[in-house]
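If you read the protein sequences in the order shown, they are chains A and B. So the first sequence is numbered by the working numbering: it starts at 1 and just counts up by one. So the second sequence is numbered by the working numbering: it starts at 1001 and just counts up by one.
In case anyone wonders, no lab produced these hints; they're calculated from the structure. All values reported here derive from a predicted model rather than from experimental measurement. All residues carry an ideal CB built from backbone N, CA and C; glycine is no exception. Just so you know, not all the hints are guaranteed correct.
Short, incomplete list of chain B residues facing chain A, as computed with Cβ under 10 Å [said to hold, decoys possible]:
1. I1069
2. P1122
3. K1230
4. G1280
5. E1281
6. E1299
7. Q1302
8. P1311
9. H1317
Coverage of chain B stretches by chain A, computed from C-beta distances (three or more under 8 Å per stretch; other residues unrestricted) [unchecked claim]:
10. 1054 to 1065
11. 1123 to 1132
12. 1243 to 1257
Cut-off 30 Å, straight-line C-alpha distance, at most; resulting in silico cross-link-like pairs (DSSO-like, lysine-lysine) [as the list claims (entries may be wrong)]:
13. B:K1042 to A:K94
14. B:K1353 to A:K94
15. A:K30 to A:K366
16. A:K273 to B:K1042
17. A:K322 to A:K336
18. A:K204 to A:K318
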Amino acid sequence: MSLFADVPQAPPVAVFKLTADFREDSHPQKVNLGVGAYRTDDCLPWVLPVVKKVERLIVEDNSLNHEYLPILGLPEFRSAASKVALGDDSPAIKDNRVGGVQALGGTGALRIGAEFLRRWYNGVNNTSTPIYVSAPTWENHNGVFADAGFKDIRPYHYWDAAKRGLDLTGLLDDLEKAPEHSVFVLHACAHNPTGTDPTQEEWKKIAEIMKRRKLFVFFDSAYQGFASGNLDKDAWAIRYFVSEEFELFVAQSFSKNFGLYNERVGNLTVVAKDNENLTRILSQMEKIVRTTWSNPPSQGARVVSKTLNCPELFAEWKGNVKTMADRVLFMRDELKSKLQALGTPGTWDHITQQIGMFSFTGLNPKQVEFMIKEKHVYLMASGRINMCGLTTKNIDYIAQAIHEAVTKVQ
Amino acid sequence: MRQTNSSMDAKGVNHRGDPGVSTDKHFAGLSPLPRQLSAFKKDSQVKKVHLAGREYYSEDGNTYELRLIGKIKQQLNSDPTFRPEYPSPLGLRDFTQKAAEVTLGRNSRAILERQVLGVQTPGFSAAVRLGAELLRRLNSSTGAWRGPVYLSSPCDDSLAGIFQAAGYRDIRGYYYWDDKQRGICLERLLGDLDTAPERSVVVLSASAHYPTGADLCQSQWAVIAQLITKRKLFPFLLLPAQGLSYGDLEQDAWAVQYCASRGMELICTQSFSHCFGLYGEAVGHLLCISKHTSFLQSEADQIVRSLWAEPSAAGAHIVATVFNNPAHFVEWHDEMQHMVERCMLIRAVLKEKLRLLGTPGCWDHLTEQHGLFCRIGLSDQQIEFLSSRRHMYMLPSSCLNVSAINGCNLDYIAESIHQALTTP
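Bound-form chain B, shown alone (with noise of 0.2 Å):
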């Protein structure tokens, strides 16, 4: 997926700003999730059902508040001595240490060596902002370097975006997800990433891969890392529903510990959104692992200034309650893995129903991965099919919501993929 240098790239972007005609379905107009939304809402139909969403469902479709969170909430509301006073740009220390701690595991060297930098942002895009920003700041004080960054085939169709509006000129793709395999090919990973100029950016998954749901398991990590390493890439690691795949903050963020005791530099971007069901509040978190933390410091401050200045204190305030008293801690644990464990459940349940039915084609993919996103494999027509004919939405990508799906449309969902598999 080599583009060429001319002024408008593979993806139909112009290199000179935003503006420009894309033939991309990625860039057309509004991002694929408003317009399904937007079908959705105007589809008249009683059964339709919408399995787009970026939040967790619980049982009864809807998303909810974590019962902790909700009393936490009450909690900090009643508190008299709050004051209302502009954060730190870089955010609340109470949150960004806990997070990097919780991320790196509280022992980690490069937290002990202080090489780890932690800036609290208002949601997980805005932290792939902060970082592409910063890394072109550790690339070149005259702004000079503009790439290439590496995206995964396919990636969330926003992070092209960011990278550009951060000024990367040079964006590239790296094959990932295999329609045929159902899963990642890292022969030809490997291959598209072994051509890769020193310094490109290289932006990974560390868990939860939207849209494909397919993760790199370790040994493949291994192997990466050190491809990484020898060519002197840089690595930016995508955290965004960290604890949604394994019900485990640090065990989801396994793949930024590896890397970290490998002693490499690395970015991370999380969000605590999905764990702590606080999708509104925007808490967002970049960790850096760096020898130049005081350098990115004051370039964070810098570049957050004339962005949003500070980010929002409610949610991270939330966020830093639950991990700083240890009986909110374990509570909000068990609420969060009673999450995944029904995610885990409904693939399970989804698999035989498809298996009961006599779908064609292996579904192994559907319990062999993780998290709330799943990428099912089906063709645009068969999407189409399913939105036209059995009005039920997800994306482009034949990515769906796990959690979207409940014992009220369980049944209603396998009968549609059957069909769509299996009408001519």
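Next comes chain A alone, as it looks inside the complex (with noise of 0.2 Å):
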């Protein structure tokens, strides 16, 4: 019986589709609960103040200069990035042993990071490492490590349907199996697609398994601030096997926490030993670089890149954040409240439960099906919703899309 009985995988580009089929469709009450990008109570995505404020603030700077920015990126860029995942205090940065690597977005961080692993990880040029994603994971992590070079890509397991919840035994035995120095990619918070996250003594018992067998920390962290409103709260993952002295890659996005989609900006944070082999990982992702952007795009990392280093500008993006980070939470509300409401079979405690942008509904591929069929909701075949795609005037609506789902479906 394969792993994966009861985890439908979406093929690569089915959340495009869904968008296109979306867009097509003409039915007055259609609702996309497909991609996963921010959207207000009147369904609009959302340009976030302190970026509007911050984007003016560059426009009418004169003094900036118009260059290419170094290989690495923006180091102002670089720096506050990284801090804002590791902590102001953190010894790690205190002892210099952390560095950034600018990149295109989540996905280039993930990529660099990737490439240097596949050449410099393990052996020189070992492609055989085994590298652990979670099941289910983002479609992307699969391609993006396999297109680096990877060879022996597999899942760990992590969802546990019947439970609608972490299946920490199965995770935990998966370590405990996996070859040492296999890499493994660790959502650090707001798991994608699942919203379900490890509790913090859930991380401790990861972090002694993975420390104990050198497992290679590979944090993907696309969601910093969104999932709890908190930064520190929801990097308290990453900070703790910081802390617990692992040399890891942080792969961070700033899309969705900054609303910057279009512009690309991300960061690959490296927690080496010492600022020795710092140097020399960074001189080697510099080389990587070079062959696949060669300089990273100034306009977002700038955006970033003030608003961090501003005290002002930082708490008021915080307080957007919180914004942003609230009203899923009120979603998540008032969605199990309606579905109680309505007298849905089932439990629906793991709506509140789960964290961050997505929830796992429990939907199978026929409920989803007439989710969109009949209703004109669109979700993805696994059964995850977009929050941020309800609002306070389509959640009766859908709440009851759900509810019909469910009983008249099996």
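Please assemble the complex out of the two chains, which come individually in their own frames, going by the hints.
Okay, here's the thing in structure tokens:
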């Protein structure tokens, strides 16, 4: 019996096909709960007020130079980005063993990290180091590591469909059994697509095994701030691993927490044993960047850098992030209450227990098909919904649709 | 410059991947540009001169923003209807459509027959990377095909690394610049390409060859195109600073149009950074002319998704705004021509200064060539002399950025070159 029996794997470009189908649908009450981007209560993308402010400052700044950025990116962006992940008072930063590589979004950061690992980790050019990604995971993880040259990409147990939660036993078991030096891609918070994160105690168990078995930690952090509304809380896992003295990578994306989807702002944070190692790692990453995009784009990095490096703007940004996170939390509450009020069969606690943009509803493929075809509510075949697609205006319709799906379709 | 099939090729690059000790200075540690820049920054001499930058510098020695671009940025910034969305992996259609048109001409048969694919990329290098990966897929769906690819000698030092990262294992050079002639030696170029295996990729500079500044003339293109067709090679054309050679986007792209008009399939990598002063914004473009555009499109989509997912929007937005508005276009074109005319003037003035100083050698190539870069033709020792004794920094292949020469440093530069050539 396959490990994947109850985890339907969406085909690579499913989410974009979903959006395309949604666009062509003329039903007046259609809803798109597919794509992973924030929407306001009016169902529109949101330009964060602080971003608007900072972009204006940049446009009016005559002192800016108009040159190519260095290959590794804007220095003040890289340091600020790493700081936001590791914390202001991070001992690793104080020890001068933390570096960053500005990248084209979270994808770019993952790719640079993967390319580096393939060339220099666990031997030289060892393409057979096993790469473990959660079952399920963001669909692009596989592609990035495969295209970086890795031949052995495996799933680790994560989602337990029966109990609609984390399969901790399976996960820990996979960690124990993984060959030494395997790479594990961990979601720092707001797991995509399940919205289910390990608790702090569970993270400690994961870390203990990973340290003992010499497994490499590669965090994917695309939702810092977005999950709980609190930057530090969302970075707890990363910081814990750093305090346990792991050398690790963090692929950060500022697409969602800054609403800068179109400017491709990412950072690969590298935590090394000491400065000497860090320097050598960065020098090799620079060579990799040179053959990929050579010089990263400056607009997005400038916006993020200016914001993170100015206390006032930083505070304003945290407020904006909390606004987004709070709206999501509110929608979670609302959806659960409405389903309970409708008497929809099953338990719906997972809706409020899960965290971040996404929720794994537990709807099966047939029920999903019903939602799309009969109710014009578009969601991923896996049952994943983007909570941001819910608004005070459509939530009744959606709750009703889910109710019908669950009661009419088995 | 044929290399053997041993595990280390002539450039000392390991075939299994990137790691490998290289004896070729082009691959040692940092590439020359950052090393030069680093040396220049550490130099405490007040009269130091940096001629190794890649951007266009204005008369005051700084890179600058075109007036029109500043205005457009303000406009776009105040646009209340703008919403942030993930762009398509292949980029802004407004941008790619126009980029293809300004390069091939609106009435290009290739465009009309829908044989053109345009992909926005985060800069020029990214376009080369994507183009290289696409060609491998075109030649073999299993990824078995790994070259050969032919690069000019010399060429931009990052090119070999990009092709290698794209999985090419057979990277060769073809004769291009001849030191004695201080120009292209066509005969030897043809000699090298004539023995190329079928399907070899040949990387040619459409204009503004880097680092020599020496471009093929139209009759030379005719001969080369014929050879490419006859030997079934694949042309990969570079257009990194489109507009800065002749002050006209289409004219700079003549070679691309010529090949297209001959019905050739080709790849062209472009950047609009220079002619728009948008260096930080990575406005690159990959143009493919092929019968297999839908195949290439879906392959490009796949490749991009695991490299950078989507390109960044800001720069492409600005360029598209200019291209789609006739009034903007005219205003921008004027500013661009001004940059080009200034470079031409500097070349003429430098040549004249060297003549007046009685500097040995022939300096005709200074004014015969076009664009931002010029290969002076100095030896390594002479270049070393310039940096250590005259605090003048340029690229190891004695290539200098013409725009970085201005009224303040012209005399010093001419004098320095003169000394380099006359000091024993």
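Evaluated hints:
Taking 10 Å as the C-beta contact cut-off toward chain A, the hint placing I1069 (chain B) at the interface holds, the least distance being around 9 Å. A least Cβ separation of about 5 Å between P1122 (chain B) and chain A falls short of the 10 Å threshold, and the interface hint therefore holds. This hint is violated: K1230 (chain B) has a C-beta 32 Å from the nearest C-beta of chain A, more than the 10 Å allowed. With 10 Å as the threshold, the beta carbon of G1280 (chain B) comes within range of chain A, its nearest partner Cβ sitting at about 3 Å, so the hint holds.
Evaluation of the E1281 (chain B) hint against chain A yields a held restraint, the C-beta minimum of about 6 Å falling below 10 Å. A least Cβ separation of about 12 Å between E1299 (chain B) and chain A goes past the 10 Å threshold, and the interface hint is therefore violated. Taking 10 Å as the C-beta contact cut-off toward chain A, the hint placing Q1302 (chain B) at the interface holds, the least distance being around 8 Å. The closest approach between the C-beta of P1311 (chain B) and any C-beta of chain A is roughly 7 Å, which is under the 10 Å cut-off, so the hint is satisfied.
Look at H1317 (chain B): its Cβ gets to within about 9 Å of chain A, closer than 10 Å, so that hint holds up. Counting residues of the stretch 1054 to 1065 of chain B whose beta-carbon sits less than 8 Å from any beta-carbon of chain A gives 6, enough to reach three: the coverage restraint holds. Requiring three or more residues with a Cβ within less than 8 Å of a Cβ of chain A, the coverage given for the stretch 1123 to 1132 of chain B holds, as 5 such residues are present. Counting residues of the stretch 1243 to 1257 of chain B whose beta carbon lies closer than 8 Å to any beta carbon of chain A gives 0, which falls short of the minimum of three for the stated coverage.
The straight-line distance between the Cα atoms of K1042 (chain B) and K94 (chain A) is roughly 26 Å, inside the 30 Å bound, and the hint therefore holds. For a cut-off of 30 Å, the pair hint linking K1353 (chain B) to K94 (chain A) is broken: about 54 Å separates their Cα positions. With a CA separation close to 19 Å, the supplied pair K30 (chain A) and K366 (chain A) stays within the 30 Å bound. This hinted pair checks out: K273 (chain A) and K1042 (chain B) have alpha carbons roughly 29 Å apart, not beyond 30 Å.
For the given pair, K322 (chain A) sits about 21 Å from K336 (chain A) by alpha-carbon distance, which is consistent with the 30 Å threshold. Note on K204 (chain A) and K318 (chain A): the hinted pairing holds, with a Cα-Cα distance of about 27 Å set against a maximum of 30 Å.
Violated hints, in rising order: 3, 6, 12 and 14; the structure is consistent with all others.
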